[in-house]
Amino acid sequence: MKHSFILLFNRYRAWLKPEALEQARVVMWLEDNLYRFTAIPNATWTTSFKQKIVNYLTGVRPGLCDLLVVLKGEGLLFIEMKLL
Numbered sequence: 003m004k005h006s007f008i009l010l011f012n013r014y015r016a017w018l019k020p021e022a023l024e025q026a027r028v029v030m031w032l033e034d035n036l037y038r039f040t041a042i043p044n045a046t047w048t049t050s051f052k053q054k055i056v057n058y059l060t061g062v063r064p065g066l067c068d069l070l071v072v073l074k075g076e077g078l079l080f081i082e083m084k085l086l
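Counting from 3, one number per residue, gives the positions in the sequence shown under the numbering used here.
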């Protein structure tokens, strides 16, 4: 695990809502296990019309998963984070 990630996580975890906190823990696990992944910023909300257009033009669409993980063997894993 990258030392800087742990420091950021510990310092700013109070800013995270419960679902985001769990996603950050999954991200730490993925990093520890050397997976390639990305988060998909569908939940990013803004009042900026310019940013909304940039998001749309660069492919941000609602309804897609929260994380995309490249499996070490073959394939992709799509993860949708939900708390009950």
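I should point out that these hints are in silico values taken from the structure, not numbers from a laboratory. Just so you know, even glycine gets a beta-carbon here, dropped at the ideal spot from N, CA and C. Mixed in with the good hints there might be a few duds.
Restraint ranges, calculated between C-beta atoms of paired labels, are given here [as the list claims (entries may be wrong)]:
(1) Lys-52 x Leu-79: 11 to 21 Å
(2) Leu-36 x Cys-67: 12 to 22 Å
(3) Gly-75 x Phe-51: 35 to 45 Å
(4) Lys-52 x Gly-75: 36 to 46 Å
(5) Gly-61 x Ala-22: 29 to 39 Å
(6) Asn-12 x Leu-59: 13 to 23 Å
Think about it this way: if two alpha-carbon atoms lie no more than 30 Å apart in a straight line, the pair counts; the simulated DSBU-like pairs of lysine-lysine are [claimed, not checked]:
(7) Lys-74 x Lys-54
(8) Lys-84 x Lys-19
(9) Lys-74 x Lys-52
(10) Lys-84 x Lys-74
Does 11 to 21 Å hold as the CB distance between Lys-52 and Leu-79, or does it fail?
Violated - the Cβ-Cβ distance for Lys-52 and Leu-79, about 33 Å, lies outside 11 to 21 Å.
How does the Cβ-Cβ distance of Leu-36 and Cys-67 compare with 12 to 22 Å: does it lie in that range?
holds (21 Å)
Hinted pair, alpha-carbon criterion (30 Å max): Lys-84, Lys-74. Please report holds or violated.
holds (25 Å)
With a cut-off of 30 Å on the C-alpha distance, tell me whether Lys-84 and Lys-19 pass.
holds (12 Å)
Note whether the CB distance of Gly-75 and Phe-51 lies within 35 to 45 Å or breaks it.
holds (43 Å)
Against the range 36 to 46 Å, how does the distance between the Cβ atoms of Lys-52 and Gly-75 compare: consistent or not?
holds (41 Å)
13 to 23 Å was suggested as the range; check whether the CB atoms of Asn-12 and Leu-59 agree with it.
violated (36 Å)
When you take the CB atoms of Gly-61 and Ala-22, is the distance between them in 29 to 39 Å?
Between Gly-61 and Ala-22, where Cβ atoms are some 22 Å apart, the hint is violated.
Taking 30 Å as the top limit, are the C-alpha atoms of Lys-74 and Lys-54 close enough?
Roughly 34 Å between the alpha carbons, so the hint for Lys-74 and Lys-54 is violated.
Is Lys-74 close enough to Lys-52, meaning Cα to Cα at most 30 Å?
Outside the cut-off at roughly 37 Å; violated.
Violation of the numbered hints given earlier is confined to hints 1, 5, 6, 7, 9; the remaining hints are satisfied by the structure.
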